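*Asks:* Listed below are the residues making up each chain.
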Amino acid sequence: MNVIETSHLKKYYGEVKAVDDISFSVGEGEFFAFLGVNGAGKSTTISVLCGREPKTAGYITIGGREIDAETKRSLGVVFQESVLDRSLTVKKNLACRAALYGIYGKAFAERLKELSAQFSLDEILSRPVGKLSGGQRRRVDIARAVLHSPRILILDEPTTGLDPQTRRDVWDAVHSLRKETGTTVFLTTHYMEEAADADHVVIIDGGKIKADDSPLALKDRYAFDVITLYHVREAELENRSIPFERAGTGLRIPIRNSMAATEMICAFPELFKDYEVTKGGMDDVFLAVTGKRGEV
Amino acid sequence: MREFSALVRRHCSVFFKDKSVFFPSLITPLILLFLFIAFLGNVYRDSIRSVAAGFEISDGLVESIAGGWLVSSLVAVCAVTVAFTANTVMVQDKVSGARNDFLVSPVSGRLLALSYFVSTYLVTAFMCFVALGAGFIYLGIAGWHLSAADVFLTVLDLLLMILFGTAFSFAVCSFLHSQGGIAAVQATVSSAYGFLCGAYMPLSNLAEWLKNLLMFLPGTYGTGLTHLHLMGGAMEAMRGEGIPAEVVQGMREGFDCTLTFFGSAVPVWVCYTVLAAAGAALLALCVLLYLRPLRKSLDKIDPIMYDRGRRNR
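Those protein sequences? They're chains A and B, same order as listed. Under the working numbering, think of the first position of the first sequence as 1, with each following residue one higher. Under the working numbering, think of the first position of the second sequence as 1001, with each following residue one higher.
Simulated from the structure, these hints should not be mistaken for lab results. Just to be clear, a hint being listed does not mean it is correct.
[Stated by the list, open to error] One-sided and incomplete, this derived list gives chain B residues near chain A with beta-carbon spacing under 7 Å:
#1 Arg-1002
#2 Leu-1103
#3 Val-1107
[As the list claims (entries may be wrong)] Calculated cross-link-like contacts (lysine to any residue; reagent style SDA-like; alpha-carbon spacing at most 25 Å):
#4 Lys-131(A) <-> Arg-1009(B)
#5 Lys-279(A) <-> Ala-247(A)
#6 Lys-1211(B) <-> Phe-1262(B)
#7 Lys-179(A) <-> Ala-196(A)
#8 Lys-91(A) <-> Trp-1209(B)
#9 Lys-91(A) <-> Lys-1017(B)
#10 Lys-279(A) <-> His-231(A)
#11 Lys-113(A) <-> Arg-1009(B)
#12 Lys-131(A) <-> Lys-1019(B)
#13 Lys-91(A) <-> Val-1118(B)
#14 Lys-279(A) <-> Pro-150(A)
#15 Lys-91(A) <-> Val-1287(B)
#16 Lys-106(A) <-> Val-1008(B)
#17 Lys-1017(B) <-> Glu-81(A)
#18 Lys-131(A) <-> Ala-1006(B)
#19 Lys-1017(B) <-> Leu-1176(B)
[Stated by the list, open to error] If the Cβ cut is set under 7 Å, some of the chain A residues that face chain B in the computed set are:
#20 Lys-72
#21 Val-77
#22 Ser-87
#23 Ala-99
#24 Leu-100
Please read all numbers here as calculations on a predicted model, not as lab measurements. Ideal Cβ positions, reconstructed from N, Cα and C, are used throughout, including at glycine.
Build out the structure end to end from the sequences listed, making use of the hints.
*Replies:* So, in structure tokens, the structure goes:
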């Protein structure tokens, strides 16, 4: 069952076509990645999805309903930058946001207890948000987004500008949430490696969808595997008419897929004394689809 | 209702917790009061004596009238300038993205706007009444000639002026989207408003055309009301010291306790009507601002992002 459906969605700002006739769907419980460079139209789509911006044309439904105040209860959003009040404590921030969803008093105390356990917030509840480390702040952001137990968690470039450890902390928190609650995750990112972990990837560029499939299917369709041979002379490949390129101490041979690699190994076993086969990545897919180099 | 009160509490907390905004806002009126007394006190004392030239006024009464002028000027200015400072929270929320966080919740944009309005009113009222309290202490020391009715009416004047100041600042700040923008507006308002509303200098000292021009501004009527209610008692007491009624009337006009517009005295009820109507009109303007498509007016497109987007295309 699809929890988000968009059809011919358009969002124009005068002559700027920020989102130009896109259609996609997100399944219940899916980890969905919306991949694109800055300015591709990701955040605009999120704004329309959250009801913050009116659409120019097209349809968008969440849980089968058009966007309204009720569908907002189905959404939790983690913004690119932390939007909590730095001068207030974690608890006060969460209490204020919870009240916006009608959660207060005993219900809030119980929910806070659950979230504290889930995201290890106990020690930082009484600390001002501005005094937290990057990783702690991100955990609080996620806790705020899921305060009201939304069906869909939207992560709008949640790891941009974070150090590797903090990025790992963020993903640990998200994966643990998915595991425990089965929440649908809608991720917008320009990091290829993050999109590679998704169940379903949509690549957007210039406001238009360029590709829509699982990472594996996209790699099969757009990316090449690579065999790297070591201790082989260039002439040996040239004599056999095998195209290659130099890569450090080795020679790289692009091949269609693993089956083609096996065929080549069987055909020229004398060349394969020291070698490795590398699968094509999402960055290759992105480059092939958009003609732009993504970030890894 | 709980959502609304949570938002109002949050906006107030953010303001009071931000020491770089709260303390200057609190201390500025008190510093202003001190500066008024230290630097302008003698100017007004001399001015009072010159208006009553030929008649003997006790020093206590002169102190009381001068004090009334200074305190009334102070609270009249604070009602508007502090409101602009209190609205910093609304503008900061646009800059930080906190506003977007509220808008993705089921809370409507209009309820959010109302919460900013009410919190600005409450914060401004708190600061202004602290300033008025300090002013009352000063008047108690300088010479207390206020009746209970004067105190009540001063409080009423202040509440109305705060409504006017809140609506005025809210309407202006609705169009601001940066810290620099609000800082520039605050600096402009702080430096100009005191002159424009007749707080720093009695209107009667100005050229007739300028005086009439300033009488088109609603804030002037509020300042006139506070002058009347904080100085009126002391001026009445002048009669008890044998000062003729026409001299007292001259004093009232000289110190804007009685405003004149194109030569005619403006009744007190007209002052209240103008002030309340201006507050209501600005409030209506704020409502209109929020009735039109909210996001279009208040969540401006990030130009950098879209320039980048265009380049990529």
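*Asks:* What's the verdict on Lys-131(A) and Lys-1019(B), does the C-alpha distance respect the 25 Å limit or exceed it?
*Replies:* holds, 15 Å
*Asks:* Lys-91(A) and Trp-1209(B) were given as a pair; does the straight-line alpha-carbon distance stay at or below 25 Å?
*Replies:* Distance ~58 Å between Lys-91(A) and Trp-1209(B) Cα, so the pair is violated.
*Asks:* Against the 25 Å threshold, does the CA-CA distance of Lys-179(A) and Ala-196(A) hold or violate the hint?
*Replies:* holds, 18 Å
*Asks:* Lys-113(A) and Arg-1009(B) were given as a pair; does the straight-line alpha-carbon distance stay at or below 25 Å?
*Replies:* Holds - the C-alpha atoms of Arg-1009(B) and Lys-113(A) are around 23 Å apart, at most 25 Å.
*Asks:* Decide if the proposed pair is consistent with the structure: Lys-279(A) and His-231(A), CA atoms, cutoff 25 Å inclusive.
*Replies:* Holds: Lys-279(A) and His-231(A) sit about 21 Å apart, inside 25 Å.
*Asks:* Would the hint on Val-1107(B) be counted as holding, given a Cβ-Cβ threshold of 7 Å to chain A?
*Replies:* With Cβ-Cβ at 5 Å, under 7 Å, it holds.
*Asks:* Need the status of pair Lys-91(A), Lys-1017(B): alpha-carbon distance at most 25 Å?
*Replies:* Measuring from Cα to Cα gives roughly 15 Å; hence the hint holds.
*Asks:* Verify the proposed pairing of Lys-1211(B) with Phe-1262(B), using a straight-line Cα cut of 25 Å.
*Replies:* Distance of about 9 Å is within 25 Å: holds.
*Asks:* A closest beta-carbon separation below 7 Å is what the hint needs, so does Ala-99(A) meet it against chain B?
*Replies:* OK, holds: Ala-99(A) within 7 Å of chain B, min 3 Å.
*Asks:* Please verify that hint: Ser-87(A), Cβ, nearest Cβ of chain B, below 7 Å or not.
*Replies:* Result: holds, 4 Å to nearest chain B Cβ.
*Asks:* Can you confirm whether the C-alpha distance between Lys-106(A) and Val-1008(B) stays at or below 25 Å?
*Replies:* Judged against 25 Å, a Cα distance of about 21 Å means the pair holds.
*Asks:* For Lys-131(A) and Arg-1009(B), compute the direct alpha-carbon distance and say whether it is at most 25 Å.
*Replies:* Distance ~22 Å between Lys-131(A) and Arg-1009(B) Cα, so the pair holds.
Hints 8, 14 and 15, counting from the list given before, are not met by this structure.
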